[in-house]
Every structure is written in structure tokens, then in C-alpha cells.
Amino acid sequence: MSGAGTTPDVATGEEAEADGESFVGTGMERVEDHRILTGEAEFVHDLGPADAVHMALVRSVHPHARIVDVDVSRAEDHPECELVLTGEDVQADYQPMPCGLPGFEEWSLAVDKVRYAGEPVVAVFATDRYVAEDLVDRVHVEYEQLDPVVDALEAREDETIVHEDVGTNVPDEETLEFGAVDDAFADADNVIEREYSWGRISGVPLETAGVLARYDTDTDAFDIDCNIQLHTLVDDTVYETLGYPPEKVNLEVPADVGGSFGTKIAIHRYCALASMASQQLDGTPVKFVEDRVENLQGGDMHSSDREYRVRLAYDDDGTIRGLDTWFVDDFGAFPRYPVNQALKPLSVVTNAYDIEAVRYDYELVMTNKTSQTAYRGFGVPAHIHAVEMVVDEAAADLGLDREDVRRVNLIQPDQMPYRLPTHNIYDSGDYPAALDRIEEIVDERERREGGLLDPAVVEKRREAGKYRGVSHTVHIEPGVSGSDWTDRQRTDDETLAARTREDVAELPEHFRIALADDGTVEASIATDTSGQGHQTLVSQLLADGLEVLPSDVEVGYLDSVEAPTEYGTAASRMAVMLSGATAGAAETLRENCRRLAAEAAFDCDAGAVTYRDGGVEHAETGDRLELAELAALDADRTDSLTRVSYDYDHPATQVPDFDEALTSKYPVYPTAAFAANAPIVEVDTRTGEVEILKFYTLRDCGTMLNPTIVEGQAHGGLAQGIGAALMEEFQYDEEGQPQAITMFDYLLPSTKNVPEIEMEHTETPSPFTETGAKGTGEGGMIDGPAAIASSINAALEEFDVVADQIPMTPHRVRSRLRDAERERED
Amino acid sequence: MSSESDSQSPARPTEAVSLSVNGEERSATVEPRLKLSDFLREECGQRGVRVGCEHGVCGACTVLVDGEAVKSCLRYAVQVDGCDVTTVEGLTEEGDLHPIQEAFHQEHALQCGFCTSGFVLATKELLDREPDPDRETIEKGLADNICRCTGYQNIYDAVDRAAADLADAPNEDRPGGATDPGAGGGGDN
Chain W
1 MSGAGTTPDV ATGEEAEADG ESFVGTGMER VEDHRILTGE AEFVHDLGPA DAVHMALVRS
61 VHPHARIVDV DVSRAEDHPE CELVLTGEDV QADYQPMPCG LPGFEEWSLA VDKVRYAGEP
121 VVAVFATDRY VAEDLVDRVH VEYEQLDPVV DALEAREDET IVHEDVGTNV PDEETLEFGA
181 VDDAFADADN VIEREYSWGR ISGVPLETAG VLARYDTDTD AFDIDCNIQL HTLVDDTVYE
241 TLGYPPEKVN LEVPADVGGS FGTKIAIHRY CALASMASQQ LDGTPVKFVE DRVENLQGGD
301 MHSSDREYRV RLAYDDDGTI RGLDTWFVDD FGAFPRYPVN QALKPLSVVT NAYDIEAVRY
361 DYELVMTNKT SQTAYRGFGV PAHIHAVEMV VDEAAADLGL DREDVRRVNL IQPDQMPYRL
421 PTHNIYDSGD YPAALDRIEE IVDERERREG GLLDPAVVEK RREAGKYRGV SHTVHIEPGV
481 SGSDWTDRQR TDDETLAART REDVAELPEH FRIALADDGT VEASIATDTS GQGHQTLVSQ
541 LLADGLEVLP SDVEVGYLDS VEAPTEYGTA ASRMAVMLSG ATAGAAETLR ENCRRLAAEA
601 AFDCDAGAVT YRDGGVEHAE TGDRLELAEL AALDADRTDS LTRVSYDYDH PATQVPDFDE
661 ALTSKYPVYP TAAFAANAPI VEVDTRTGEV EILKFYTLRD CGTMLNPTIV EGQAHGGLAQ
721 GIGAALMEEF QYDEEGQPQA ITMFDYLLPS TKNVPEIEME HTETPSPFTE TGAKGTGEGG
781 MIDGPAAIAS SINAALEEFD VVADQIPMTP HRVRSRLRDA ERERED
Chain E
1 MSSESDSQSP ARPTEAVSLS VNGEERSATV EPRLKLSDFL REECGQRGVR VGCEHGVCGA
61 CTVLVDGEAV KSCLRYAVQV DGCDVTTVEG LTEEGDLHPI QEAFHQEHAL QCGFCTSGFV
121 LATKELLDRE PDPDRETIEK GLADNICRCT GYQNIYDAVD RAAADLADAP NEDRPGGATD
181 PGAGGGGDN
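Chains as they are written, first to last, in our numbering: chain W, 1 to 826; chain E, 1 to 189.
FYI, nobody ran anything at the bench for these hints, they're computed from the structure.
Be aware that a few hints might be false.
As the list claims (entries may be wrong) - Simulated pairs of lysine-lysine, DSS-like, Cα-Cα distance not exceeding 30 Å:
| no. | chain 1 | residue 1 | chain 2 | residue 2 |
| --- | --- | --- | --- | --- |
| 1 | W | K460 | W | K752 |
| 2 | W | K752 | W | K466 |
| 3 | W | K752 | W | K694 |
| 4 | E | K140 | W | K460 |
| 5 | W | K466 | W | K694 |
| 6 | E | K140 | W | K466 |
| 7 | W | K460 | W | K694 |
| 8 | W | K752 | E | K140 |
| 9 | W | K694 | E | K140 |
As the list claims (entries may be wrong) - Here are some chain W residues the structure puts well away from chain E; computed CB gaps all over 10 Å:
| no. | residue |
| --- | --- |
| 10 | D51 |
| 11 | L101 |
| 12 | D151 |
| 13 | D354 |
| 14 | D397 |
| 15 | A583 |
| 16 | E798 |
Glycine included, every Cβ here is placed at the ideal spot set by N, Cα and C.
Working from the sequences, and respecting the hints, build out all of it.
Here's what the structure looks like:
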């Protein structure tokens, strides 16, 4: 267990009202902050014994080429070179890295062929990082260039195949139909078909990947400190690559990870290579810290990159009858774990609308680009953008207000829990009320004299070529993914058809607490963290559950060998899963304390003992034992009662209505947080620049366990949503060379781009979870881009310009305006 | 490209550097190519200097050099010979948070915390220069630092709070405390 202490200096409840008051629901200050603010926090970059050897990677300069020859002699001749590994070396002693689809073989270092610019080819090792980078320059790789496969749509027909032995650039495709789709499109008054595009966008956490690996020659086992995400779920990507069983490969993630947003689930290549080197060097620790150019160019961390074709069937009054989406997702060189990203949108397939007939059709395409990883929203943001755009276009087609069309189609509160045609269920929420409220807020505050949307101001700005607009939209954030779905997706249709409810094996949330000698509470989380404040959250939850102060709770983390396989921090799971797990564990410990006192001290029936205020009391005599005394009583027992482990079942497994989805291929996300957004934008029609003047948002993630953290998640998610909507993108040129390999090119939102955000909350508890929480980690990134795009549509309504491509960069806005002007002239 | 010289130990040039880091005098012999960020982290143990991009965009490695906010990945250690360097470790006094650090804590202006050292020091320089900044000044003053988690609003609030707290308790004698205008750097511009 990594030491991840809470720090006494930071207020964690000593001055908070203790007795009877609840800590959950308050904006309790974070226990993580002190060590971070003082610089004491240990990120993985900070680890490193003096004798550590440093790794640097020789990466392919070509997007697609055959490796003719690798000459490492000059590197090996360098007196400070400790080791060189090539693809052939790796192939001789180790295994390929697991892929997301069968039939692919990806080695930690390229063998025979490179498939993207930035793909690691050779690893070099030296006692100093600077020298290791010198060694990179001494490796000579001779290539024979091949035609690159760059455009995802063309790749489907391309003669050049990225993986010849797979035989196709489209290794996965499927069409799923729900309801009478053809009838809906035949019967509806209107049908439109439109195309939308979502750029290659990803998380880009400020901390890059890092690893410190040690091989133990005595035990023939590996200890790996790293900042991987989902360390107990994706540890297979490391131990399978090393060719060892899971108990021999221990992944430990520090208490502080500098952001991940999903991306760091895919850093196993680095973990594996550093481990191999440590083994080759008889146990010398090996360190690697990815540099930023590596991270952006070939760090296995790009995400969804889609071309959509969307059809919508609707009647003249705006009622939507059918939705038909098809998309191609450019997965890059290897299909990794995010294969699931293609299917997650099924969990929110109609967003907040009641639509009975849906067709969902996708193709995953291999190209010569960096592979995809997970990113906040996990494939959903692009789908939500496409749906909201086509609804805007239907409204324009009918000459109706976009809000009116939305209102006609929103799921009504009396339909809750609402079952989507794709079998997922929205738990609770009043979407029409949310839409009404966000409109009301904007009307009251901005459509008045002096407001941003004061008609006089809007008109005056237009004279200067600056067009203001706002759209009001409602969005769903599907929460609390399950691991069983991952298995279901990779099961063949025949096996799936025979599947019953008993076959569903969903991973619970594992959690432990133990009383320390001094009566404080030691809690252990089985999932890793990357800035979400889980230590604070668990302190709050256990303080309530055990009637102690949050400062009496210390929260640490289990490593991958200690912990059972868990899902981890995915799809806003932790608020729900940790609150369920802490509640169960606290209840068990309270029961155990009563029994312990009854047996070992009071000599009475456990029924005569009550648990109160962090101790137990004899109901009749009033005798009391504090937690420290209980720990002492328990010290010599063989069957410890003050060490508790608890597994909280995934909530969907407790709701029979999910059984249909759980026994088929469809995703189950049992919570539906939601938001109503109204970003006010101003588009400079001369430069194409979009400025968000203010972002109004009404958010509901069920019960808020810590409102401060909830707001923080929303702010951060929206900032990423703004970046995606307007500026972030990994572009490639026609030759397959990545164009955004520095932060000068991959533009992250700064103080100059993120507007004032006006946020309001409602709390509609989830009926499916322990505390009513729904989770809220992904929201702003899911709903921000579509909301901004819709407001751009509103601003540019008279030009018939649609924000059909994300990000809407100034260049793209201008080119659409130019096209519109040209069409008008014709 | 002589392969003969390859096998010889390349005599790496070195240079002496002396500077003050958080009030402590340091002397070292380093390679001229050693970045200040690496020097502070590896040689001086100031791990609160975070390295996010190594090309001067993200600002995580921001430190104060003679009171001026500097991206330490863009300087070599030998360039700050004779200078006075403050890292985030230098702001605390006997474990007590500096008002800027305390304000970041109170306003939930950090999540993962990887950018935080840089923001705290950029704020220090800003408030030394502009003790009572308006929102636009704050936005401009922090425009060289990227935060990927918080969305900035809470950071602005933290700067406001720190400005107010520092105004209430001026001229406290802390390490890296209010810059003496005579110490140069970042004072009058």
C-alpha cells in the first residue's frame, strides 16, 4: 500500500461541527492539497533511486515503412550505454501487447514494419537521461518507405493495408437496429441526411507517462511504479506482454497522478519495456519519463476521430420518428482497448430525446496514425455533437425554434426510469424543467438592457461583423460503466445468444478498512486516482459511516497484486462505487465492533451493544469502548474483527430491468447525470474566431457528495469541452506526418479561452445507487462541444452555417462563411 | 563521423554554477546543457518544480528568478549563476502555507496538482507587481500557465483571495516574501 497520508495542517474537520452533523454533502476541503501545494507530493516523475538507469526511445520518422536494418553498434559503443533493446530482442524473450481485437500483433518495439510516425523501434538505456537521449542519435534505422494510409474514409477501399495479415483496414464493423427503423423513415413527413466530423482530440494531461520498474532476481517478479490508469484492470497489458502471471507483476500507482482523463490506461508499452530492461540488467531499476513531443506524436494517446453520416426522420410538428447514425472511426495503427468507445454512445443513443427507432452503424478503420486511447466521455461526445447538430438542422428545415423542436421530443419526467431503444435505462431527471430553467436564466440575466443579448447590443455588434447567439440544449452523461460489458462485446454472437443472467460477471468495488492501534481508521481504495479527490471523498464518507472526524481517516491505495481485479476510474464511477463500498464497509465494521465488545469485554449479547460516536456502548451499564480500545481487544484474535473488506456490487446488477442489456451486447450505464447548457457565443465573421462570452449551465448529478468537488469537475470538464469545440486537434498531413507534436500546435485552453461559467445545480437522486449520487467526472467534456456548436449555429443562423466539424477553428468558420456567401451570390 | 572517437568516453564539458535556492547557497559543477528545471529537481531536490512540456508552453516548471517568473525548462542552470531562485518549496514557512497556497486550497484551485507549483509562483510574481489585480490583469498574468483540470475560474478566485489576504497582512517576513523593489526583476513594468 502506498503511503498516501492526509496532512494534519489542512482543515479536514477538526473545526467542523462533529456530533450528528454529516460531512457528506458539504464542500469539505480537500485532504490532498497540502502536499501538492508545498511541493511534497510525489508524482511518478519524482521517483528514482540514484542507481536507476534511464530509457530513451528511437521512434520511427515514417508513417509507414518496412524496417530494412537496425544498426545499434554506435550506441552500444558508447561507454555509458547500459543496454539496447530492439524489436527482435523483445520478440525473442517476451510477448506481444494485448490488442482490442483478435488477429492483431503489436510488439512493444516495432518488428519488420513501422505503422506510424513516432512508433518506438529501439530502446536505449544509460545511467543519465541526457546520455540516453544522446544514444538515440547513435542508432541508425534503415527504412523502405511504403505508401501511407491516411484518410480514414479512403482507407476502407485502399489497396495498401496497414496490417497485411489481417487483410483489411476495417477490422470491426456492425449495424445495430432498434425498433422499426425503415418504417419510421418511410412514414415520417421529412427525412434529412447530413455529415459531421469530429477531430482527433484527446486528454493531454500535464503530467506525461512515467514508470520506474524493478525486477527482483530472487523472486523472479516485477515491481512497477507507474501512473497507469485502471491499474488492476489493465495490468494484463503489462503482465501478458512480459509473459508472467499477474501475481508476479505488481503495478503501484502513486497517490498523486498529474491528470489522466482516460488517456493513461494505454501506457503499458513503457511499463513493459522498462521492466524488460530491468530484467536484462539483473534487477537494476529502470526509469522512463515520456517527453511531451513523444506524448503528442506517438504516445498511444489520441482519441476518437470520426466521420458521421446522420439521417433523421421527423414530422412537420418536429416530432422525431427515427435516428440513423453511421460513422467511421479512425483508430490509427492498432485497435486498442477503446474499441468499446465505438459502442458506448448506445447508452445515450438518443441523448435526452424520446425516439423509438434507431439504427447504429459503425466501422473501425486502421490508418498510419498513433493508436487511440480512452478520453473523458469515451466516444460519447462525438455522438452527442452529431445528434444535436441534426436536430438543429431539422428545426431550421421546418422553420421552427430549435428549443421548440427539442421541447417536443424531450423525455418527460413521468417516463422515468426511461428505457432507451438500446436497452439502457435513464434513472431519473426532469429534462423539460432543466431546459425551461436555463432559458429563464439567460432571458432574465442577458436578454435585458445591458445584457450580453440585449437586442440593441446584438444589433450593434452585428454591424461590426460580430454575431452573437445562444442555444439551449439538454445532455445526458452516462455513468458507472461495468466491466462485464467489455467481455460481452468481445463474445461471438452465438455465445451471446445463449447467454443468461447467471453468466453476468460484473466486477464489484473492493474496499478495505482497518482500525489502527490509536483508533484511527486506515482505508484502502483498490482503484487509482488522478486528481479527483478520492481521499477527501472517502474521508467524508467514512467519517459519516463510522461517526468519526475525517481527520481520523487515512486513505491509501492497494497495488495490483493486493487488490482484486477492479474496473476503476471510468465513466464517473467513483462517486457511486466508493459511496456504496464505504457504506457497506462501515456497516460491517460497526457490526463487528459491537460483536467484539460483546464477546471480549462486556460479556453480553451483541444486541445489547450500540455503536455511537466512534465507539460502542453497553445499552444497560453505559460502559463505553473507544475505537483504540477495540483495536487493542482485537489485536490477539485470529479472526480479526477490526479489519474489514467489502465488495460493493455494481448497481445495475441489482436492477432487474437491466437484465436484457446485461445478457446482450448493449452497454449498461445505470446513472444518467444531465445538464442544460447555454453558452453565449460571439462569432467574428471577418476572422472566423469564436469567443464564448459566458457559459451558463445547469447541472444535475444526483446527490452531491462534495459540492466543491462536483463544481470543480464541471469546470474542468467544460474547459476541455471548450478546447475540443474550438481549438484542440491532432491533425496529419497528406503524407501521414503528425502536425501537432508540440503544445504550440496542439492548443490547450488557457486563461484566454475559458470564459466565465455560471453554474446552477439541481439534485435528482438516482434510485439505483446507495447515496443517490450519479457521478460527474465526464459531464462538461460530453456536453460542452455540442452545446457550443449549437450556439454557433444560432449565431450564424442567417448564413445557414452549421458547426458541422469539431473543432470549429477560425479557418473552418471562415471557409463555411465564404461558401455561404458564394452560394448567396450564385 | 569518426567511429574511433565513439568508443572513447566523451569528455562532457562542465561549468561551475553558484546560486541561491530558496535562501540556501548552492554551488555545483554541471553540464552546460543541464536545464534549470532538471538542476532544481535532481541536484537541489526541489521536486515541486514540475516538468510538463519542456518547451515553454505549459508553465508547470515556473520558478522565480530574482523575483521574475521564469519557465525553468527554457533556461540552463548555468544561466542563473549568481541568481536568487524561489521554488514552491520556498514559500512555506515551517510547514505553514503561504497566503497564496492557502488561497488555492480554500478556493479548490487545484485538482491533480501538476500545474499548481507553477500557478502559485506565477501568482506570486503577479501579486508582487500588482497587489490588487482586476480579473483582466489576472487573466493576463496567468496566461503563460496551463491547467488541464480546473478550468481557471477557481484559480482566479484564489488570486483574488490571496490578494485580499496579503493586503490584510502586509510585509510579513517570509522566505520568498514580498519582493523588495531593489532586488530587481518584475518590479516596474
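So, going through the hints one by one against the coordinates:
1. W/K460 x W/K752: Status holds; Cα separation ~24 Å.
2. W/K752 x W/K466: OK: W/K752 and W/K466 at ~18 Å, within 30 Å.
3. W/K752 x W/K694: Status holds; Cα separation ~13 Å.
4. E/K140 x W/K460: 27 Å, holds
5. W/K466 x W/K694: Distance of about 15 Å is within 30 Å: holds.
6. E/K140 x W/K466: 23 Å, holds
7. W/K460 x W/K694: The given pair, whose Cα atoms are some 19 Å apart, holds under the 30 Å limit.
8. W/K752 x E/K140: 8 Å, holds
9. W/K694 x E/K140: Holds, at about 18 Å.
10. D51: Fine: 14 Å to the nearest Cβ keeps W/D51 off the interface.
11. L101: 30 Å, holds
12. D151: 29 Å, holds
13. D354: Answer for W/D354: holds, closest chain E Cβ roughly 32 Å.
14. D397: 35 Å, holds
15. A583: W/A583 is indeed farther than 10 Å from all Cβ atoms of chain E, at 25 Å.
16. E798: 32 Å, holds
The structure is consistent with each of the numbered hints, conforming to all of them.
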